[in-house]
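Asks: Sequence:
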Amino acid sequence: IQSYVHPKSQHIRPICRCYQKLGRRRPRWTMHVRIQQRNGRKTLTTVQGLSSEYDLKKIVRACKKEFACNGTVVEHPEYGEVLQLQGDQRENICQWLTKSGLVKPEQLKVHG
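For the sequence shown, our numbering begins at -8 and goes up steadily by one.
Source of the hints: derived by calculation from the structure; they are not laboratory data.
Keep in mind it's a predicted model, so treat the numbers as computed, not measured.
Yeah, the Cβ is synthetic: ideal placement off N, Cα and C, and Gly gets one too.
Heads up, none of these hints are tricks.
Computed list of lysine-lysine pairs in DSS-like fashion (alpha-carbon distance at most 25 Å, straight line): (1) Lys95 / Lys55; (2) Lys90 / Lys55; (3) Lys95 / Lys56; (4) Lys49 / Lys90; (5) Lys100 / Lys90.
Label pairs and their computed distance ranges (CB to CB): (6) Gly31 / Glu97: 34 to 40 Å; (7) Glu69 / Gly92: 24 to 30 Å; (8) Ser91 / Gly31: 29 to 35 Å; (9) Gln27 / Ala59: 15 to 21 Å; (10) Tyr70 / Gln28: 17 to 23 Å; (11) Glu97 / Gln28: 24 to 30 Å; (12) Gln28 / Lys55: 17 to 23 Å.
My request is simple: use the sequences and hints to build the entire structure.
Replies: This is the structure we're talking about:
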């Protein structure tokens, strides 16, 4: 099972539910990272296209700690489950996802 260890803690948190079934291969999908303007200077970063094999709530929990922002998982009728993070976290989320090994850089598509 693939795990993520937060640098400030010694706890190992499994992120992928069925990583062993994949045979250590990464599936081919494209992940879209977008920014949405709210009111005034407030923005939302949305991450769409993560595989359903990953536990998105645990990913959001780790991102909230790492980036010091709030976040949630929203069910979108067209795109499925979408991660929402407060603020402009496009660079942070891309670096974190590639550093943790969840996606390859060529699988990321940043909009906005």
